[in-house]
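K.L.:
Based on the sequences and whatever the hints tell you, model everything.
Protein chains: 4
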Amino acid sequence: MSFVKEVSKWILSGINGVIQSVEEGEIEEMISMLTEAGKNKILILGTGRSGFVGRAFALRLMHLGFNVYVSGETITPSLSPEDVVIAISGSGVTRTVVAQAEVAKEIGSKVIAVTSHPDSPLAKYADRVVVVKGRSKIDGEIDYERRQIMGEYDPAPLGTMFELSAMVFMDCIIADLMRRLGKSEIDMRKRHANAE
Amino acid sequence: MSFVKEVSKWILSGINGVIQSVEEGEIEEMISMLTEAGKNKILILGTGRSGFVGRAFALRLMHLGFNVYVSGETITPSLSPEDVVIAISGSGVTRTVVAQAEVAKEIGSKVIAVTSHPDSPLAKYADRVVVVKGRSKIDGEIDYERRQIMGEYDPAPLGTMFELSAMVFMDCIIADLMRRLGKSEIDMRKRHANAE
Amino acid sequence: MSFVKEVSKWILSGINGVIQSVEEGEIEEMISMLTEAGKNKILILGTGRSGFVGRAFALRLMHLGFNVYVSGETITPSLSPEDVVIAISGSGVTRTVVAQAEVAKEIGSKVIAVTSHPDSPLAKYADRVVVVKGRSKIDGEIDYERRQIMGEYDPAPLGTMFELSAMVFMDCIIADLMRRLGKSEIDMRKRHANAE
Amino acid sequence: MSFVKEVSKWILSGINGVIQSVEEGEIEEMISMLTEAGKNKILILGTGRSGFVGRAFALRLMHLGFNVYVSGETITPSLSPEDVVIAISGSGVTRTVVAQAEVAKEIGSKVIAVTSHPDSPLAKYADRVVVVKGRSKIDGEIDYERRQIMGEYDPAPLGTMFELSAMVFMDCIIADLMRRLGKSEIDMRKRHANAE
Chain C
107 MSFVKEVSKW
117 ILSGINGVIQ
127 SVEEGEIEEM
137 ISMLTEAGKN
147 KILILGTGRS
157 GFVGRAFALR
167 LMHLGFNVYV
177 SGETITPSLS
187 PEDVVIAISG
197 SGVTRTVVAQ
207 AEVAKEIGSK
217 VIAVTSHPDS
227 PLAKYADRVV
237 VVKGRSKIDG
247 EIDYERRQIM
257 GEYDPAPLGT
267 MFELSAMVFM
277 DCIIADLMRR
287 LGKSEIDMRK
297 RHANAE
Chain F
107 MSFVKEVSKW
117 ILSGINGVIQ
127 SVEEGEIEEM
137 ISMLTEAGKN
147 KILILGTGRS
157 GFVGRAFALR
167 LMHLGFNVYV
177 SGETITPSLS
187 PEDVVIAISG
197 SGVTRTVVAQ
207 AEVAKEIGSK
217 VIAVTSHPDS
227 PLAKYADRVV
237 VVKGRSKIDG
247 EIDYERRQIM
257 GEYDPAPLGT
267 MFELSAMVFM
277 DCIIADLMRR
287 LGKSEIDMRK
297 RHANAE
Chain L
107 MSFVKEVSKW
117 ILSGINGVIQ
127 SVEEGEIEEM
137 ISMLTEAGKN
147 KILILGTGRS
157 GFVGRAFALR
167 LMHLGFNVYV
177 SGETITPSLS
187 PEDVVIAISG
197 SGVTRTVVAQ
207 AEVAKEIGSK
217 VIAVTSHPDS
227 PLAKYADRVV
237 VVKGRSKIDG
247 EIDYERRQIM
257 GEYDPAPLGT
267 MFELSAMVFM
277 DCIIADLMRR
287 LGKSEIDMRK
297 RHANAE
Chain U
107 MSFVKEVSKW
117 ILSGINGVIQ
127 SVEEGEIEEM
137 ISMLTEAGKN
147 KILILGTGRS
157 GFVGRAFALR
167 LMHLGFNVYV
177 SGETITPSLS
187 PEDVVIAISG
197 SGVTRTVVAQ
207 AEVAKEIGSK
217 VIAVTSHPDS
227 PLAKYADRVV
237 VVKGRSKIDG
247 EIDYERRQIM
257 GEYDPAPLGT
267 MFELSAMVFM
277 DCIIADLMRR
287 LGKSEIDMRK
297 RHANAE
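Listed in order, the protein sequences are those of chains C, F, L and U. Under the numbering used here, the first residue of the first sequence is numbered 107, with each subsequent residue one higher. Under the numbering used here, the first residue of the second sequence is numbered 107, with each subsequent residue one higher. Under the numbering used here, the first residue of the third sequence is numbered 107, with each subsequent residue one higher. Under the numbering used here, the first residue of the fourth sequence is numbered 107, with each subsequent residue one higher.
No wet-lab data here; the hints were simulated from the structure. Among the hints, a few may not be true.
Note that the list lumps identical chains together, so a pair holds whenever it fits in one copy or between two copies.
For lysine-lysine, the following PhoX-like pairs were computed, each having C-alpha atoms within a straight-line distance of at most 25 Å [claimed, not checked]:
no., residue 1, residue 2
1, Lys289, Lys145
2, Lys296, Lys145
3, Lys289, Lys115
4, Lys145, Lys111
5, Lys289, Lys211
6, Lys147, Lys296
As the structure is a prediction and not an experimental result, all values here were calculated from the model.
P.N.:
Have a look at this one:
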């Protein structure tokens, strides 16, 4: 097996460990806040790779009919107290995300933080924290195997393990929303961009 | 007067010439298509600097309450025949913009092209063309003055004159929409992003 | 186990199947084209969720010191024949991506297509195709298990399986590039944005 | 003359007033910091319409051969003390821009603020402030004419006057850079994106 495929097995096993470790109660709360959003706005916050994960999630929420927006894009309207904000940051210290979560909190919007660090500045402004562990948190369990594969290198550098886990995790949230809302893939396809 | 301020006078005079040369009928049609859009979607197409001009226009349309989207951003839903597409390209040959206008035309959406070239590929897919001249078209009139200021240089290189003229022109469209729709700045501020 | 966690196991197993099915030769060629890029430009093409996957890959390539750009962003310079283009599209039919790959091919740049469809329009303009299967291709193997979990719903709607597989796969390419180029996480951190 | 054209004359006259009021010394300092940047990085900060103005400026800097980046886009590398940051905000209070300017200042990068408010939080973190007045500052002079045209409406709502003035002003900076660096339009065209 090539190195790339070997690493993929190690990474997928890591993602599985991360997702299985998310608290069931936090998953349920996140889904409830989304299903209760109704026609209120959902605003996604995140920079860098966490921002791309957030955008991928936002697209699927749009396909499901949610009224979703992404910070940093052109069309981002004003927040109201009844809106939901989902802030994604592994470290929980990204300044622009923390600054925006703070404003959202002041406005009174419901803020969900998806982060590896429940004690981070971001978590401080969140009504709900969904802990998606990153590398540092799961190192203990997988460290031996990693050293064997990689020597001194880390095959999931920087926030990779958090970002991939958050990406897969949020696509599973989408699957659950489809089930609960009774939406089929055909319903979603109707809202898929058709002029690209 | 510094060179920068001298150039600004020359550029502003050029923008004025371009905007005064837009056909009144084309302006009126563009405004009508927008006011008749109602709750239907408006999709803005454009790349590079024309894309930024389009985004700046999209933001103001959102502030006025229009249901507007920008191609290339995360939240870009599917087009329907009753939607309006505004495609901005000075040259009218930008491939991705032409490709998207073609799809929009196939879907049956109303396509407005804002371009310097009424005979361009983009114009071919447009229901309405608003001609905003670019440099090449107004060179004759201002060439002597330019040579005096710049020698061999052109102080409005590439699409600069089209882009600046389109930016100012579309802000004037916004002013007219405010008047016709009876919207005040206070109405617009309510929709302005408040979490940045 | 909650529905979300159950779906995650099914999705991770699907991703594993997709990545293990990629041809070793195609992986090796893609890595070679990247390591041979040197200081030449690498341009990433993709829209929607495939675009976000491409951006996440681009960020890591930048962290490794590559001279990488993303189509549709502000700073996207002109292509030269010695540059490398990576076009990502599960279906291989996304118009804007195909249009840009066509131009890149005309210019003479080396085009790599990452797609589920080796016979697609996109693949036609590619020098190398890396086949990352999407849902339709692996349905046969996992269909029974899926029906048990989801009933009529598909827990990985639209391009989800392709996008997640491509995201993980390209992070494994990054791990291999780190190893081959002798780059550590510390080297990468130095290039990580520090003003966000 | 149509309302749109009448408004355009009023707006262009306003832009002229704003640009002529910029301090010559501030213009000269901004140009010096750019020409001295050499191969160091230039990072543009801005959100909303000011962000689009910044991106349009960034594109031209790239065409001139500068090593320029835009905050919020994929490829934004780490800042170093020798880098130059240009932060654009009419009000000077946009949180994410202020937060990033603060980090840039901590790193020791040279920060230029383009703002209407030299006493704003943004200006506090800037080494140089270029004051581009917005509406509130020039109201006195043009108020009578505006009331005649618009009645209670303001034809340049929110930050319009700042944004348009900054856009034209920075294109004039580009014209001056072309002259000083001896760059022709043909040099610039070589760096223009050719795969869009």
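K.L.:
None of the hints should be skipped; say for each whether it holds.
P.N.:
Against the structure, the hints:
no.	hint	verdict
1	Lys289 to Lys145	both (16 Å within a copy, 24 Å between copies)
2	Lys296 to Lys145	both (18 Å within a copy, 18 Å between copies)
3	Lys289 to Lys115	between (32 Å within a copy, 21 Å between copies)
4	Lys145 to Lys111	neither (43 Å within a copy, 27 Å between copies)
5	Lys289 to Lys211	neither (31 Å within a copy, 29 Å between copies)
6	Lys147 to Lys296	both (20 Å within a copy, 14 Å between copies)
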